[in-house]
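Hey, can you work out the whole structure from these sequences and the hints?
Protein chains: 2
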Amino acid sequence: MTTPRIRLSPDTRREQLLDLGVKLLATRPLEKLSIDLLAEAAGISRGLLYHYFGNKQDFHEAVVRRATEDLFALTAPTDDPDPLARLSGSLDGYLGFVETNRQGYQSLVRAAYSGNPTMREIYESARAALTDRIFDEAEPGVLEEFGIEDTPALRLMVRGWSAMVEHVVLAWVEDSGGIDRQALLDSLSQALFQIMTTAPKAD
Amino acid sequence: MTTPRIRLSPDTRREQLLDLGVKLLATRPLEKLSIDLLAEAAGISRGLLYHYFGNKQDFHEAVVRRATEDLFALTAPTDDPDPLARLSGSLDGYLGFVETNRQGYQSLVRAAYSGNPTMREIYESARAALTDRIFDEAEPGVLEEFGIEDTPALRLMVRGWSAMVEHVVLAWVEDSGGIDRQALLDSLSQALFQIMTTAPKAD
DNA sequence: GTGGGCTATTGAACAGGCGTCAATAGCCTG
DNA sequence: CAGGCTATTGACGCCTGTTCAATAGCCCAC
Chain X
111 MTTPRIRLSP DTRREQLLDL GVKLLATRPL EKLSIDLLAE AAGISRGLLY
161 HYFGNKQDFH EAVVRRATED LFALTAPTDD PDPLARLSGS LDGYLGFVET
211 NRQGYQSLVR AAYSGNPTMR EIYESARAAL TDRIFDEAEP GVLEEFGIED
261 TPALRLMVRG WSAMVEHVVL AWVEDSGGID RQALLDSLSQ ALFQIMTTAP
311 KAD
Chain L
111 MTTPRIRLSP DTRREQLLDL GVKLLATRPL EKLSIDLLAE AAGISRGLLY
161 HYFGNKQDFH EAVVRRATED LFALTAPTDD PDPLARLSGS LDGYLGFVET
211 NRQGYQSLVR AAYSGNPTMR EIYESARAAL TDRIFDEAEP GVLEEFGIED
261 TPALRLMVRG WSAMVEHVVL AWVEDSGGID RQALLDSLSQ ALFQIMTTAP
311 KAD
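Same order as they appear, the protein sequences are chains X and L. Residues 111 to 313 in our numbering are what the first sequence spells out, letter by letter. Residues 111 to 313 in our numbering are what the second sequence spells out, letter by letter.
Keep in mind that the hints were calculated from the coordinates and are not lab data. Glycine included, C-beta positions come from ideal geometry on N, C-alpha and C. Worth double-checking, as some hints may not be accurate.
Residues from chain X shown here face chain L by an in silico Cβ test under 7 Å; the list is partial [as the list claims (entries may be wrong)]: (1) 223; (2) 225; (3) 227; (4) 270; (5) 273; (6) 277; (7) 278; (8) 289; (9) 299; (10) 301.
Printed below as a string of structure tokens:
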């Protein structure tokens, strides 16, 4: 009755478990992704998971890291040289991702706030990568034209803007409240522009 | 050896457990606030906790609700009639609260993202109350002077600004990066002003 | 083709935290 | 000071994470 045990190469097995983890995360929060659930879904014993990932924490971290990689890959900005157009396009891609992966994205954000410092770092670096590439890949000198200066204060405010985007987008996806999609995107990019042009100069 | 059991009135006992819960929350995240820990700290049996709060969820919710009430009470705005001054004072009080209750405030924010809808609602309504009172208590007509119109889109963006404030303030408290306290407060209130004056009109 | 070894895989056992409930014992009232 | 109401207990069952010695699939040498 019981399925005969199947022996796979470590790489294959690890990949299978990681992919399955991300897939299951799209339907439930991280805390509901138990060892039991994954083992049963993968058709393996609980013990095997501990062979590949030291413990539940490590497994969860690996799954979240994989999920952020997916997010990053699926939201590449356009190659428009205008930074504003790049920002707009990137925001559009980001919103699209959230629209089609609402549950998975919620699980991701929640994981970032779960209290585990490593988890937070994983998400924080993903978020940094998302915003950085909008500007870093732009032609040098464009920012200076607008009087934007790269200071710790500016970086802090931009990270704050990211948090705002997360919140607004998640709320809008839940219930748009009659707000037009494009108007939302415009407001968010305009907010960033304003924030950047008026950030305080560091002491 | 064992302490003789002490019989208190339900109200007294409940109050004691709630206060103790908030106190313990200031030193650890919510998920570490186990039944065992609280029972031992309070000098009671685990069973008694289930008599007062149906289960761990309910207990956690009650503790978080109490914590948000404390936050609200400790950050009352000044009675300045000028809405900008009121906002500034309120932000100042809020930052002060976070500075002196960093751990507890972190636990609070994390709880809000924990996935429990009730928890989220508790925190969301506290956040709404914090921002609403800045404007609701202002003299009527001031907002209109600045062309600010109360629309779903505006409310959404203001809630987004709250998320930004949370993020920025927590990051700044962790590591100021040489950013001046007053400059931070100014940037945040200025950001709100800009966001409010340029929010899209709902279709 | 086959026997043997490397190691992927298992499952039973342990730990610790949540939740239940019949039994116990403070405190108040007459 | 006796009796009752009910606040309080503690032992029990269950579920989930974690360990580890035993098992068995796959590949290679012959």
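Hints and how they fare:
Satisfaction of the interface hint for residue 223(X) is found here, the shortest Cβ-Cβ separation to chain L being roughly 4 Å, below the 7 Å cut-off. The interface hint given for residue 225(X) holds, since its Cβ lies 4 Å from the closest Cβ of chain L, which is under the 7 Å cut-off. With its C-beta approaching chain L no nearer than about 11 Å, residue 227(X) sits outside the 7 Å limit, and its interface hint is violated. About 4 Å separates the beta-carbon of residue 270(X) from the nearest beta-carbon of chain L, less than 7 Å, and the hint is met.
The criterion of a C-beta within 7 Å of any C-beta in chain L is met by residue 273(X), whose closest approach is roughly 4 Å, and the hint holds. Because the closest C-beta pair between residue 277(X) and chain L is about 4 Å apart, less than 7 Å, the hint holds. A hinted interface residue such as residue 278(X) counts as satisfied when its beta carbon comes closer than 7 Å to some beta carbon of chain L; here the least separation is about 4 Å, so the hint holds. Look at residue 289(X): its Cβ gets to within about 5 Å of chain L, closer than 7 Å, so that hint holds up.
Among the interface hints, the one on residue 299(X) is violated; its C-beta lies about 11 Å from the nearest C-beta in chain L, farther than the 7 Å criterion. The restraint placing residue 301(X) at the interface with chain L holds, with a minimum CB-CB distance near 6 Å, inside the 7 Å limit.
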